[in-house]
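J.: My request is simple: use the sequences and hints to build the entire structure.
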Amino acid sequence: MSTDTVTIAVRRSAHGPSAGQRIAERWSALWPSVTLFAAVLIAWEAIVVIFDISSFIIAKPSEIVMETIASWDLLMEASWVTTQEIVYGFVLSILLGVGLALLVVRFKWLDRALYPLIVLFQVVPKVALAPIFILWFGYGLTPKLWLIVVIAFFPITLNMIVGLKSFDPDLQLLTKSVGSSRSQFLAKVQFPTSLPYLMAGLRIAITLCVIGAVVAEFSGASSGLGYLIQFASTQLDTPLMFAALVVISVLGLVLYYAIFWLELLVARFYPHVRTTQVQ
Amino acid sequence: MTASGIFAEGIDMTFTRNRMTHHVLSAVDVDIAPGGFVSLLGPSGCGKSTLLKILAGLQDPTAGTVLIGGTPVARAVAEGQIGLVQQKPALLPWKTALENAAFLIEMTGDRATKRTAKERAAQALELVGLRGAENKLPHELSGGMAQRVSIARALALDPSILFMDEPFGALDAITRDQMNEALYDIWTRTQKTVVFVTHSIPEAVFLSQTVHVMNANPGRISLSVDIDLPGPRSTTSAQFLEYERVLHEELDRNVEEARISA
Ligand SMILES: Nc1ncnc2c1ncn2[C@@H]1O[C@H](COP(=O)(O)OP(=O)(O)O)[C@@H](O)[C@H]1O
Ligand SMILES: [Mg+2]
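As you go down the protein sequences, you meet chains A and B in turn. Under UniProt numbering, the letters of the first sequence match residues 1 to 279, in that order. Under UniProt numbering, the letters of the second sequence match residues 1 to 262, in that order.
Be a bit skeptical, because a hint or two may be false.
[What the hints assert, rightly or not] Taking lysine-lysine and the DSBU-like style, the derived pairs with C-alpha atoms no more than 30 Å apart in a straight line are:
hint: 1; chain 1: B; residue 1: K88; chain 2: B; residue 2: K136
hint: 2; chain 1: A; residue 1: K176; chain 2: B; residue 2: K118
hint: 3; chain 1: A; residue 1: K188; chain 2: B; residue 2: K136
hint: 4; chain 1: B; residue 1: K88; chain 2: A; residue 2: K165
hint: 5; chain 1: B; residue 1: K88; chain 2: B; residue 2: K118
hint: 6; chain 1: B; residue 1: K118; chain 2: A; residue 2: K188
hint: 7; chain 1: A; residue 1: K176; chain 2: B; residue 2: K95
hint: 8; chain 1: B; residue 1: K114; chain 2: A; residue 2: K165
hint: 9; chain 1: A; residue 1: K165; chain 2: B; residue 2: K136
hint: 10; chain 1: A; residue 1: K165; chain 2: A; residue 2: K176
hint: 11; chain 1: B; residue 1: K95; chain 2: B; residue 2: K118
hint: 12; chain 1: B; residue 1: K95; chain 2: B; residue 2: K114
hint: 13; chain 1: B; residue 1: K136; chain 2: B; residue 2: K118
hint: 14; chain 1: A; residue 1: K188; chain 2: A; residue 2: K165
hint: 15; chain 1: A; residue 1: K108; chain 2: A; residue 2: K176
hint: 16; chain 1: A; residue 1: K60; chain 2: A; residue 2: K108
hint: 17; chain 1: B; residue 1: K95; chain 2: A; residue 2: K188
hint: 18; chain 1: B; residue 1: K114; chain 2: A; residue 2: K60
hint: 19; chain 1: B; residue 1: K136; chain 2: A; residue 2: K176
hint: 20; chain 1: B; residue 1: K136; chain 2: B; residue 2: K95
hint: 21; chain 1: B; residue 1: K118; chain 2: A; residue 2: K60
hint: 22; chain 1: B; residue 1: K88; chain 2: A; residue 2: K108
hint: 23; chain 1: B; residue 1: K114; chain 2: A; residue 2: K176
hint: 24; chain 1: A; residue 1: K176; chain 2: A; residue 2: K188
hint: 25; chain 1: B; residue 1: K95; chain 2: A; residue 2: K165
hint: 26; chain 1: A; residue 1: K188; chain 2: B; residue 2: K114
hint: 27; chain 1: A; residue 1: K108; chain 2: A; residue 2: K188
hint: 28; chain 1: B; residue 1: K88; chain 2: B; residue 2: K114
hint: 29; chain 1: B; residue 1: K114; chain 2: B; residue 2: K136
hint: 30; chain 1: A; residue 1: K165; chain 2: B; residue 2: K118
[What the hints assert, rightly or not] Some chain B residues well away from chain A (every beta-carbon gap over 10 Å; in silico):
hint: 31; residue: A3
hint: 32; residue: T14
hint: 33; residue: M20
hint: 34; residue: D29
hint: 35; residue: P34
hint: 36; residue: T65
hint: 37; residue: R111
hint: 38; residue: T190
hint: 39; residue: T210
hint: 40; residue: I221
Calculated directly from the structure, the hints in this document are not laboratory data. Computed from a predicted model, the values in this text were never measured in an experiment. Just so you know, even glycine gets a beta-carbon here, dropped at the ideal spot from N, CA and C.
T.: Given below as structure tokens:
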């Protein structure tokens with residue numbers, strides 16, 4: 001223990017690439033799939049033309065584009081209905097999923113009582129519940145929300161429970177040493193710790209919400225993209241069916257990326273959201 | 001907060017796991033004067049951490065009493081008299097060094113202290129030599145710096161006693177020496193009572209007024225050595241080496257006994 005000064009090894013994290021570099025990197029990563037996608041579209045168009053396949057059976061990409069433009073208002077109206085179902089359903093799924101996880105983690109007896117039931121419920125094929133919800137709640141928004149929540153809350157709950165339990169026990173002892181309560185620990189330590197897990201859960205849940213909305217609309221609806229597909233199918237309007245399918249896919253993609261955006265937003269306050277690896 | 005003494009008598013601790021009882025501590029008495037620096041040294045698993053937690057009111061002993069400043073330890077915990085530093089820094093990854101240092105103050109109920117939390121945290125960071133690192137996130141800190149933040153977090157509470165469980169055990173030797181000097185400096189400046197668990201004999205001799213060497217199965221204090229050297233201590237003086245030798249002998253004997261009785 002001499003009085004000589006010694007240096008402490010300091011790791012300073014390197015600055016990431018600039019925004020321009022990142023975009024360039026993105027593109028070089030993206031172009032193979034873009035090329036492949038274009039090739040598939042061209043092949044699709046060519047096959048339908050060469051083999052002269054009836055447009056009742058399959059629509060050409062060019063037809064789908066034309067149909068999308070022609071039925072733009074119809075498609076947007078339907079999209080708006082479906083988007084609302086998905087967003088409301090998603091928010092309700094988060095509330096239920098997070099709420100259940102907090103209760104299960106906070107109260108041991110609830111953990112024992114509820115957790116097996118939640119898992120048991122998971123093996124019920126929830127799509128099959130759609131007609132029951134329609135029987136109970138009619139053809140409006142309510143049965144759709146029920147189906148969406150029932151399908152989508154589970155991955156949120158499950159991820160959240162794992163996240164809430166992944167705290168450092170040393171931190172628990174520390175908070176105990178200043179006499180703070182378990183609820184405080186849950187709010188100030190466990191909840192923020194679980195955010196990366198919650199985000200992973202949301203990414204799974206949002207795609208399940210899209211599925212839930214479409215299935216609910218198949219089972220009984222008077223508007224929405226799922227309804228439009230069924231309607232077009234009874235009219236043998238194959239191009240409209242495909243157009244609606246494309247719009248749903250784009251909607252799903254947009255919503256999926258909205259979660260990434262949400263994650264970036266959360267990461268401004270909780271940087272570990274983007275650095276913690278969730279399996 | 002002024003430093004408090006610790007008086008513990010007849011501490012007994014038995015764990016029961018799968019119907020197997022494990023007698024971890026037996027009839028341990030500890031008397032630490034206000035402002036004292038006492039180290040616990042002993043073989044792995046002899047109950048040092050358990051004893052530290054009992055003295056800090058974080059675990060109830062099977063038998064025995066712990067008084068801090070003459071009052072039951074539970075009250076000391078409620079009054080925020082306990083400062084705890086563990087082997088891992090256990091920082092919150094989303095909080096800066098300053099926010100981490102203020103974190104435990106913000107967890108305590110007292111409004112008045114909460115308002116001054118950041119200010120006190122900044123002072124504590126300065127005390128541990130981290131001025132200028134206030135806005136760094138934990139992943140930007142080295143092991144030594146992170147551990148300094150965790151010490152600052154305890155000091156910011158202005159506790160009457162600092163409980164440290166192998167605080168430098170995970171650090172490299174050079175950083176460890178530096179941390180020892182920093183801690184010695186902090187102790188002389190703040191005059192806190194310190195209870196310090198370590199595996200390192202030189203560390204114990206360098207820092208402590210009294211070193212308790214522990215025995216395992218069940219854990220007891222087998223030898224107490226008062227280090228009667230003025231500070232700052234030279235680690236190469238003949239007396240220092242003699243203290244090291246005495247402690248080494250006792251520790252080796254206890255380790256050997258623990259190996260046989262295990
Ligand atoms: N909560 C507990 N339940 C059961 N056994 C425990 C518990 N905490 C500690 N022990 C046991 O007590 C003994 C002493 O542990 P500890 O105090 O951590 O030792 P040390 O810090 O000296 O290495 C060990 O054998 C350990 O397995
Ligand atoms: Mg230990």
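J.: All hints, please: hold or fail.
T.: So, going through the hints one by one against the coordinates:
Distance hint between B/K88 and B/K136 is fulfilled; the C-alpha atoms sit about 18 Å from each other, no more than 30 Å. Of the pairs offered as hints, the one joining A/K176 and B/K118 holds, with about 21 Å between alpha carbons and a cut-off of 30 Å not exceeded. For the suggested pair A/K188 and B/K136, the alpha carbons sit about 20 Å apart, so the restraint of at most 30 Å is met. Between B/K88 and A/K165, the direct Cα distance comes to roughly 19 Å. Compliance with the 30 Å bound is thereby established for this hinted pair.
The straight-line distance between the Cα atoms of B/K88 and B/K118 is roughly 23 Å, inside the 30 Å bound, and the hint therefore holds. For the hint pairing B/K118 with A/K188, the CA-to-CA distance comes to about 17 Å; that is within 30 Å, so the pair holds. Under the criterion of a C-alpha separation no larger than 30 Å, the hint pairing A/K176 with B/K95 is consistent with the structure, at around 19 Å. In summary, the hint linking B/K114 to A/K165 is supported, as the alpha carbons are separated by about 28 Å, within the 30 Å threshold.
Our distance criterion of 30 Å between C-alpha atoms is met by A/K165 and B/K136, whose separation comes to about 26 Å. At roughly 17 Å between alpha-carbon atoms, A/K165 and A/K176 fall within 30 Å of each other, so this suggested pair holds. Pair hint B/K95 plus B/K118 holds up; C-alpha atoms about 12 Å apart against a cutoff of 30 Å. Taking the CA atoms of B/K95 and B/K114, the gap is about 16 Å. The hint holds against a cut of 30 Å.
The suggested pairing of B/K136 with B/K118 holds, with an alpha-carbon distance near 15 Å, which does not exceed 30 Å. For the hint pairing A/K188 with A/K165, the CA-to-CA distance comes to about 14 Å; that is within 30 Å, so the pair holds. About 18 Å separates the Cα atoms of A/K108 and A/K176, which keeps this hinted pair within 30 Å; it holds. About 58 Å separates the Cα atoms of A/K60 and A/K108, which puts this hinted pair outside 30 Å; it is violated.
With a CA separation close to 11 Å, the supplied pair B/K95 and A/K188 stays within the 30 Å bound. Proposed proximity of B/K114 and A/K60 is contradicted: the alpha carbons are some 67 Å apart, above 30 Å. As the CA atoms of B/K136 and A/K176 are separated by approximately 26 Å, the hinted pair is consistent with the 30 Å bound. Simply put, B/K136 and B/K95 have alpha-carbon atoms about 9 Å apart, close enough for the 30 Å limit, and the pair holds.
In summary, the hint linking B/K118 to A/K60 is not supported, as the alpha carbons are separated by about 65 Å, beyond the 30 Å threshold. For the hint pairing B/K88 with A/K108, the CA-to-CA distance comes to about 28 Å; that is within 30 Å, so the pair holds. Restraint check for B/K114 and A/K176: satisfied, since their Cα atoms lie roughly 17 Å apart, inside the 30 Å limit. At most 30 Å may separate the alpha-carbon atoms for a hinted pair to count; A/K176 and A/K188 meet this at roughly 13 Å.
The straight-line distance between the Cα atoms of B/K95 and A/K165 is roughly 20 Å, inside the 30 Å bound, and the hint therefore holds. Distance hint between A/K188 and B/K114 is fulfilled; the C-alpha atoms sit about 15 Å from each other, no more than 30 Å. At most 30 Å may separate the alpha-carbon atoms for a hinted pair to count; A/K108 and A/K188 meet this at roughly 19 Å. For the given pair, B/K88 sits about 25 Å from B/K114 by alpha-carbon distance, which is consistent with the 30 Å threshold.
Among the hinted pairs, B/K114 with B/K136 is consistent with the structure: their alpha-carbon atoms are about 22 Å apart, no more than 30 Å. For the proposed pair A/K165 and B/K118, the alpha carbon gap of about 29 Å is at most 30 Å, so the pair holds. Against the 10 Å criterion, B/A3 stays outside the reach of chain A, whose nearest CB is about 17 Å from its own CB. Annotated as non-interface, B/T14 keeps its C-beta farther than 10 Å from every C-beta of chain A; the closest such distance is 21 Å.
The Cβ of B/M20 sits about 22 Å from the closest Cβ of chain A, beyond the 10 Å cut-off, so the non-interface label holds. With a minimum CB-CB distance of about 23 Å to chain A, B/D29 clears the 10 Å threshold, and the non-interface call stands. Non-interface status of B/P34 relative to chain A is upheld: no Cβ of that chain comes within 10 Å, the nearest being about 19 Å off. Once the 10 Å rule is applied to beta carbons, B/T65 is consistent with being away from chain A; the minimum gap is 19 Å.
At roughly 14 Å from the closest C-beta of chain A, the C-beta of B/R111 stays outside 10 Å, upholding its exclusion from the interface. Every Cβ of chain A is farther than 10 Å from the Cβ of B/T190; the closest lies at roughly 18 Å, confirming the non-interface assignment. Even its closest Cβ contact with chain A, about 19 Å, leaves B/T210 beyond 10 Å, as expected for a residue assigned away from the interface. No Cβ of chain A approaches the Cβ of B/I221 within 10 Å, the least distance being about 23 Å, so the stated non-interface status holds.
Violated hints for the displayed structure, listed by number in ascending order: 16, 18 and 21.
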